[in-house]
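Just need the whole structure built from these sequences, with the hints factored in.
So you can see what is in the structure, the chains are spelled out below.
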Amino acid sequence: MPDLTCSLLGLTLHNPIVLASGILGTSAALLERVAQAGAGAVTAKSCGPAPRTGHPNPITIEWGHGLINAVGLTNPGAPVEAPLLAEARALLQPLGVPLIASIFGGTPREYGEVARTIATARPALIEVNISCPNVADEFGTPFAADAVAAAEVTAAVVANAGGIPVSVKLAPNVPDIVRIARAVGAASASALTAINTMPGMVIDPYAGRPVLSNRSGGLSGPAIKPIALRCVAQLAAEQDLPVIGTGGVLTGIDAAEMLMAGATAVGVGTAVWYRGPEALGQIVAELDEFMAAEGYTSLAELRGLALR
Amino acid sequence: MHRIYALREVREENARTRTLVCDGPLEARPGQFVMVWLPGVGEKPFSVAGDDPMALMVVGVGPVTHAINALKVGDRLWVRGPLGQGYELEGERLMLVAGGYGVAPLRFLAEQALRRGMCVEACVGARSAADLLLCSDLAALGVRLCLATEDGSAGERGLVTALLTRRLAAWKPDLVCACGPVPMLEAVERLCAQQGVACQLSWEAEMRCGQGVCGSCECRRPGWLACVDGPVTVG
Chain F
1 MPDLTCSLLG
11 LTLHNPIVLA
21 SGILGTSAAL
31 LERVAQAGAG
41 AVTAKSCGPA
51 PRTGHPNPIT
61 IEWGHGLINA
71 VGLTNPGAPV
81 EAPLLAEARA
91 LLQPLGVPLI
101 ASIFGGTPRE
111 YGEVARTIAT
121 ARPALIEVNI
131 SCPNVADEFG
141 TPFAADAVAA
151 AEVTAAVVAN
161 AGGIPVSVKL
171 APNVPDIVRI
181 ARAVGAASAS
191 ALTAINTMPG
201 MVIDPYAGRP
211 VLSNRSGGLS
221 GPAIKPIALR
231 CVAQLAAEQD
241 LPVIGTGGVL
251 TGIDAAEMLM
261 AGATAVGVGT
271 AVWYRGPEAL
281 GQIVAELDEF
291 MAAEGYTSLA
301 ELRGLALR
Chain R
1001 MHRIYALREV
1011 REENARTRTL
1021 VCDGPLEARP
1031 GQFVMVWLPG
1041 VGEKPFSVAG
1051 DDPMALMVVG
1061 VGPVTHAINA
1071 LKVGDRLWVR
1081 GPLGQGYELE
1091 GERLMLVAGG
1101 YGVAPLRFLA
1111 EQALRRGMCV
1121 EACVGARSAA
1131 DLLLCSDLAA
1141 LGVRLCLATE
1151 DGSAGERGLV
1161 TALLTRRLAA
1171 WKPDLVCACG
1181 PVPMLEAVER
1191 LCAQQGVACQ
1201 LSWEAEMRCG
1211 QGVCGSCECR
1221 RPGWLACVDG
1231 PVTVG
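Chains as they are written, first to last, in this note's numbering: chain F, 1 to 308; chain R, 1001 to 1235.
The hints are simulated quantities; they were obtained by calculation from the structure and are not laboratory data.
Please read these numbers as outputs of a predicted model, since none were measured by experiment.
We put the CB at the ideal spot given by N, CA and C, even for glycine.
Warning: the hint list may mix true and false statements.
Here are the simulated distance ranges between beta carbons [to be verified]:
| # | chain 1 | residue 1 | chain 2 | residue 2 | range |
| --- | --- | --- | --- | --- | --- |
| 1 | R | 1183 | F | 51 | 25 to 33 Å |
| 2 | F | 305 | R | 1027 | 37 to 45 Å |
| 3 | R | 1066 | F | 207 | 12 to 20 Å |
| 4 | F | 53 | R | 1157 | 34 to 42 Å |
This is how it looks when you write it as structure tokens:
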């Protein structure tokens, strides 16, 4: 039997499969449901300084090789989110499944304020969403495109996180992802989550217009897996922070590939659309099966294998 | 991906309600829903009111539904689905319970039940006679109808649940399938539990992604998603 136990920043996860932010992480009960389905850790939906209803429908569509979404950072605001996260943490604790919070803001100062509020719920990790592609009108160019801005946001969050480790979620659409990673590392990030969705647009030719009400959105699913693998491989090869490798993982085999690219843990999101809320447990079982069949006994044997 | 239909027929059900009959089938079960997109207007969920050809019953309540109801024969609409869990027919005697616009999926369900040789009765309730929908369709199919209106303008005066209480005792159905406002569904659930009758209820919720990702439709109990776990509960 392979050992799927995963160490991440001193946390011990039952397995490396982590629910990605923005998927089913809107309530304590849904986070618990995904944990019960077999996730190693779960990430809540991103929360900002104030409530947001998000974009009007359509917010997502399957377009043949993945999803495109522009939900628009729907969230109740940090003061409401914090008790929800505390409730989630209490539900997850007996399951041994760590809770990851996710935050966003419009300025480094706002990021810091949200971090301070959310830290009161004592999540195991705070993920900093500097790369949501769907709110450009309100929040300007995502911080993920600029090493200096990304570092400023990271420093503001770390300073307000009350000692909780911080992971920064990086965008794939930058000239040099390692440069951004080193900058946030120098600003005391403890981990990286890579990648966020890839900006894109889906046009319905019969309607003669983009399908999403926001016009453009973030691509996820099978189409972006090779992009994610390349980013994760670069990050693993060229800097030292652990990476939660995320993007296009629908199966246990995909998860193995992500580990082979050098990921420490593996984020899963869009699989829930294709396979339902039970997807994470199925992926864990498939990873276990793959490792047993291929003679791997621990994650360490897979990790970074493709880089050697 | 969307499937594009053109409207083959538009039937006026009452002042703000239309049945839209499309130009092709949709392989769906009664109780399942679709997301309908009107480019430039928006996207909303509708329960499937017919499968071959696909039909929807649309009540004009907001900008999207008003725009859909303004469509004419030949106009197109964009459909994703079918989505969610529908009704699962069992037994020989089926009681349908509809409150107001909740009748939308029940004519489709009645058709399937009758095709299976089930005996079908319906308790239909609405505010007034003008709000009773699809009743002539149900009667034409051979469904025995019991009507209740809050103002007494058709059938008996009062709530449909009062009718149901009596019919449960007198007719003893094997299964109750209901669709309507939440207080009605909760009352139906209680009555069926008291009488030991199986019931399946269709719950309404805000739908955004419609496929179990965004969490917008969590309702009824913590962690339950109307779009993938429902909208119909079987129990």
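Checked hints:
no.	hint	in the structure
1	R/1183 <-> F/51: 25 to 33 Å	holds, 28 Å
2	F/305 <-> R/1027: 37 to 45 Å	holds, 44 Å
3	R/1066 <-> F/207: 12 to 20 Å	holds, 19 Å
4	F/53 <-> R/1157: 34 to 42 Å	holds, 41 Å
In summary, this structure violates none of the numbered hints.
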